Amino acid sequence: MASCVVDDESRPRSNVIGAGGGTIRSGSGVNNPIGPCADGTKIECHITVGKENDVLTCLHGERTCVAGTWGPCVGEFSSKSLPHSDEASSWVPGEYRALGLSDAGPCQNNPCDPYCQDFEETPPVDAGYEVVPEITTVWHAGSFYELLDGLPGGFVNKGIKTPCTKQADCQFDSHCLPTGSHGITCEDGAANCCMPWKPGEYDKTCALPDVSAGLACAKPDGTKIIPVCNRGYADLVPPVTIYVFPGNSTQFPKCEPDKDPSICHIPNGAPPIKPGECVEVSSCAAYLPGNGVRTIMVNGPFMAVGNLPDNPDYKPECSCDNNWTVWKGTAKSPCQPMQVYQANPIVKNLVYEANCPSGSRVQWGYLTWDTTTPLDSSVLWEARTATTNAGLGAASYVELGTAKATPLPNTQICSMAGPAECPINLYTTFGSSAARNAFLELQITMNPTTDETQGSKVNHWQITYSCPPAE
Numbered sequence: 054m055a056s057c058v059v060d061d062e063s064r065p066r067s068n069v070i071g072a073g074g075g076t077i078r079s080g081s082g083v084n085n086p087i088g089p090c091a092d093g094t095k096i097e098c099h100i101t102v103g104k105e106n107d108v109l110t111c112l113h114g115e116r117t118c119v120a121g122t123w124g125p126c127v128g129e130f131s132s133k134s135l136p137h138s139d140e141a142s143s144w145v146p147g148e149y150r151a152l153g154l155s156d157a158g159p160c161q162n163n164p165c166d167p168y169c170q171d172f173e174e175t176p177p178v179d180a181g182y183e184v185v186p187e188i189t190t191v192w193h194a195g196s197f198y199e200l201l202d203g204l205p206g207g208f209v210n211k212g213i214k215t216p217c218t219k220q221a222d223c224q225f226d227s228h229c230l231p232t233g234s235h236g237i238t239c240e241d242g243a244a245n246c247c248m249p250w251k252p253g254e255y256d257k258t259c260a261l262p263d264v265s266a267g268l269a270c271a272k273p274d275g276t277k278i279i280p281v282c283n284r285g286y287a288d289l290v291p292p293v294t295i296y297v298f299p300g301n302s303t304q305f306p307k308c309e310p311d312k313d314p315s316i317c318h319i320p321n322g323a324p325p326i327k328p329g330e331c332v333e334v335s336s337c338a339a340y341l342p343g344n345g346v347r348t349i350m351v352n353g354p355f356m357a358v359g360n361l362p363d364n365p366d367y368k369p370e371c372s373c374d375n376n377w378t379v380w381k382g383t384a385k386s387p388c389q390p391m392q393v394y395q396a397n398p399i400v401k402n403l404v405y406e407a408n409c410p411s412g413s414r415v416q417w418g419y420l421t422w423d424t425t426t427p428l429d430s431s432v433l434w435e436a437r438t439a440t441t442n443a444g445l446g447a448a449s450y451v452e453l454g455t456a457k458a459t460p461l462p463n464t465q466i467c468s469m470a471g472p473a474e475c476p477i478n479l480y481t482t483f484g485s486s487a488a489r490n491a492f493l494e495l496q497i498t499m500n501p502t503t504d505e506t507q508g509s510k511v512n513h514w515q516i517t518y519s520c521p522p523a524e
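In the working numbering, the protein residues as written are 54 to 524.
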């Protein structure tokens, strides 16, 4: 009897359905039978007691139905020496034995049961069972955490207020968060703290661009740049005007400064700045001295104010309150790389066929998995069953569980030994009817972290079934 699996993306169905595989003996070897039973009914049971010093100990016997519930396995113990070829290097009941994305074999978590079959899956390294983020954009900016170095405390305090209550309290490409973490003026866990925007972050409630500016800095080759950023939901389309004022200017951080600045631009025709991204502006380098502080505003007001000229390149935005940054001098403004990552979920679909001998019927048993899910990444496990391979398309998926590190409980590893809710009981999850269909399609969705900087990975999984007598 063949038991087969096909990966829709890596294996053609015709190469798998009907391929050779492990055989199943007739009878019922269900070790933990599920569901009600008729009083007095007996079924075989085969339980792995343990393995010590290469000796496998089994309990073979019967379970008797009493008051509609299966009783304990009662019988005789037997022991046998394991040949060297039967041993895994450090095998214990419940561990995985990698058979690949292929046919079923005897259950390794219960080798004493001759009727239990399982699919033990370990995908190849290059099979696409890991979300690998890609770097899509790189720019440079000065370190927010070195902002106090070389600047008067009073100047910094005007742009980083603690506690913050509004956007104007947080300059230098930062924003006001309910809770701070490693803030430059906030203790960890402090409420209402100015924290730097992360690469790729933006305000999804802002339907316009929202201009911001990271700390001006000097790249290793000496190029002086101002990182101009967009923290709104719409593209920021150049040209964009930049004003450079003397150090510690009294204009900082006004929305409508009224003094005459030096002026530079992001030119017309430059690529739009996407939400959450920044561009390096080097056209202002002449106004950034090797020594000395300069105060910088991006996207000044449209109408002239005092000695400030008209700004025909003004771009409507959600807030003008966060448009300021600073240059501290070449020696105190080294650039550091800022990177935007992109990662998309990966979905894998695999079709399993459970074959049982005449006089018996399939009964799907358990699902276990081993994953790696950093931070808030996750792996979603779903499945559906049908009596035929063709019938799977009309069936609905049932959610089996989610592998995750956070929030607790940590379910990255769901084994036969736990944690709670593990292993996943396919019989009760599908229901008694669907759990007895011969075909099962497993859908695995690997999700990246929310910030798309890290991805989830599937290392192993196991699906078991048995062949109790047909009713």
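Note that these hints are calculated values from the structure, not bench results. Treat the numbers as computed from the prediction; the structure is a model and nothing was measured. Hints may contain errors.
What the hints assert, rightly or not - Label pairs and their calculated CB-CB ranges:
hint: 1; residue 1: Thr459; residue 2: Gly322; range: 41 to 47 Å
hint: 2; residue 1: Thr122; residue 2: Pro398; range: 41 to 47 Å
hint: 3; residue 1: Val451; residue 2: Pro177; range: 24 to 30 Å
hint: 4; residue 1: Thr189; residue 2: Lys312; range: 35 to 41 Å
By construction, the Cβ of each residue, glycine as well, lies at the ideal position given by its N, Cα and C atoms.
Outcome of the hint check:
1. Thr459 to Gly322: 41 to 47 Å: Holds, since Thr459 and Gly322 (Cβ atoms, about 45 Å apart) stay within the stated range.
2. Thr122 to Pro398: 41 to 47 Å: holds (42 Å)
3. Val451 to Pro177: 24 to 30 Å: Once the Cβ atoms are compared, 28 Å apart, the range 24 to 30 Å for Pro177 and Val451 holds.
4. Thr189 to Lys312: 35 to 41 Å: For Lys312 against Thr189, whose Cβ atoms are near 39 Å apart, the range 35 to 41 Å holds.
Checked against the numbered hints listed earlier, the structure breaks none of them; every hint is satisfied.
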